[in-house]
Structures are given as structure tokens and as C-alpha cells.
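Using this note's numbering, the first residue of the sequence shown is number 4, and each one after it goes up by one.
Do not take every clue at face value.
[To be verified] Computed list of lysine-lysine pairs in DSS-like fashion (alpha-carbon distance at most 30 Å, straight line):
#1 K44 - K67
#2 K258 - K44
#3 K67 - K258
[What the hints assert, rightly or not] Label-pair distances were calculated between CB atoms; the ranges are:
#4 D66 - P199: 38 to 44 Å
#5 E132 - D66: 38 to 44 Å
#6 H265 - R54: 40 to 46 Å
Just so you know, these hints were derived from the structure itself, not from any lab. Glycine is no exception: its CB is placed at the ideal position from the N, C-alpha and C atoms.
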Amino acid sequence: MSLSVSAARAVDLRVEPVDEVLDCVERSLQMRFDRDTVVRKRRSVGARTDRSTWVRIERRGLDKIGVQGWNGTECADRLIGIAKPTWHGCVVWRDTDAAVMWRADETGVLPGTPVGTSVLAEDPQLPDEWWQAMNESLDALAAQHTRRIATPDTVTITQSLVTESIRTAFSCDFDTTVEQWVPAHADLNWANATGPTFTLFDWEDWGNAPRGLDSASLWGNSLAVPALADRVRDERRRDFESRDGKLMTLFVCAKILGPDAHPEDPRLVPARDMAARIVDELQAG
4 MSLSVSAARA
14 VDLRVEPVDE
24 VLDCVERSLQ
34 MRFDRDTVVR
44 KRRSVGARTD
54 RSTWVRIERR
64 GLDKIGVQGW
74 NGTECADRLI
84 GIAKPTWHGC
94 VVWRDTDAAV
104 MWRADETGVL
114 PGTPVGTSVL
124 AEDPQLPDEW
134 WQAMNESLDA
144 LAAQHTRRIA
154 TPDTVTITQS
164 LVTESIRTAF
174 SCDFDTTVEQ
184 WVPAHADLNW
194 ANATGPTFTL
204 FDWEDWGNAP
214 RGLDSASLWG
224 NSLAVPALAD
234 RVRDERRRDF
244 ESRDGKLMTL
254 FVCAKILGPD
264 AHPEDPRLVP
274 ARDMAARIVD
284 ELQAG
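Taking the hints into account, I'd like the entire structure generated from these sequences.
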């Protein structure tokens, strides 16, 4: 199959024409999209189908696929005890005009809408049942086994990446060795979870990661709403109080405070304060 977007420039599917891609997937999966339900993100497009399913289409560079492939949604279907959509099938193809591949995964429809954008600006007022289901799902996920390695932001997470990220962002000399690696969603944000009924979706990047990555990621995406960030830390206290959880909090803070940070990002001050606190704790032993 051949699609027209070029690898010579950055591609943002929120603004690229995608009708050709949608037509291609319709032919391959033998269904029709409800074009009124199309949701565009930077590197993916999704929509409801005429057989009451949902299809997510992603464009990914060959350099971001790696040896384990990029069948995360398919592999996640065997995970148990987690609130997530059922996987039905997929179609994958390499673009003949660019060094990229396309993948369309068909899953069950979600029980609700995404809680919000990835980073929230106001409290979504989620019921206690939502938090209970989230905790049950994250605990069930961490208790399972996989050979997959998580790829947050499409980058494989390794010990060297954790160490480099923390040491580059913060002046510290404590040991950054991760003690426990467990399965993680690796892209836990408010756009990938539904409410008021909890479901976790977009499983492309899941795999083993340092304990606490998911908890720290959700906390980092909640910092603009202090009460919400506090609720995340309270609900996932066991992660945050662990040494690995503290390292993951620094890992997330390093991303927030990085060179591309917007000077008016409301998360900057709380992230900087939390990072300073954790650095002191880890240096104190």
C-alpha cells in the first residue's frame, strides 16, 4: 500500500489529510467508519465503525518500532483482571513512500468518553468506584509477566535512560538503580482512560518498566490541579513511597522540567518542588 505523507518532514495527523488512510483501512477490515466520530491525535486517528467497534490507526517510523515490534494492543489482550477494550483484529502495512509503518487495531467500543486531554486543567470529579477500578487494574497489571519492554513516548525504557534523565535534570549523586521492573501501561494519562466508568486503552507501548511509572505519569499529568495530584498520590501511595516510585517521580519531573517546557506550564512549580524533596530524601539514604 502507498500513502502520500513524506518522511522528509514531521507528520502531525491532527492536520494531515487522512481520508486515504481511512479508505485503506475500511477496505482491509471490510467495514465502514462513522466519519462523524473521527478523533485525531498527533500520531494516531481513531473512529467508530458500522459494526459497533472502534479502530485506532497509528503511523510510526521504522526506527521507533524496534525488535519487539509494535503489537502492544494485540499482546495486551491476554492480560487479565484489567478494565480494557477487547481486541478483535488488525491490519499492518509498510508505507512505500516513507520509512514508516501503519497499523490499525480494531477493538470493542469504550464504556464512556476519555476523562479529558492528557493533562487536565480542572478536577474531573471522578467517583470512588473509578479510583477503585483504576487501582485494581494497575495492581493486576503489575502482577503479570511479559517479555515486552515498555516504550513510553515510543522510546524503550532502560536503566541507562532512567539514570541519564535524572542526572541530566537534577544535581544528584545517589544510586539510580531500579530494583523492580513490572508490566506497565507506559502511557497513562487522562486521555487514555475513560470516565465515569474506568477503562484503560491505547496499549501500544506497554511492557516492563520500573515500578511506579504509571502512577508517576498520571500524577505528572494532574499537577495543574493540586487536589487531583494529591488524590493520585494517595491512591497509589505504595508506589510513591517505594524507592523505584521515587525514581519514577523524578523521571516524570525531568520530562516536565526539560528544555522544551513552556514557561507558563502550571506544572513547573509543583514538579520542581517535588523533585527537590525527593532528591533530598534519596541523598539522605
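So, going through the hints one by one against the coordinates:
no., hint, result
1, K44 - K67, "holds, 17 Å"
2, K258 - K44, "holds, 20 Å"
3, K67 - K258, "holds, 19 Å"
4, D66 - P199: 38 to 44 Å, "holds, 39 Å"
5, E132 - D66: 38 to 44 Å, "holds, 42 Å"
6, H265 - R54: 40 to 46 Å, "holds, 41 Å"
In the structure shown, no violation is registered for any of the earlier numbered hints.
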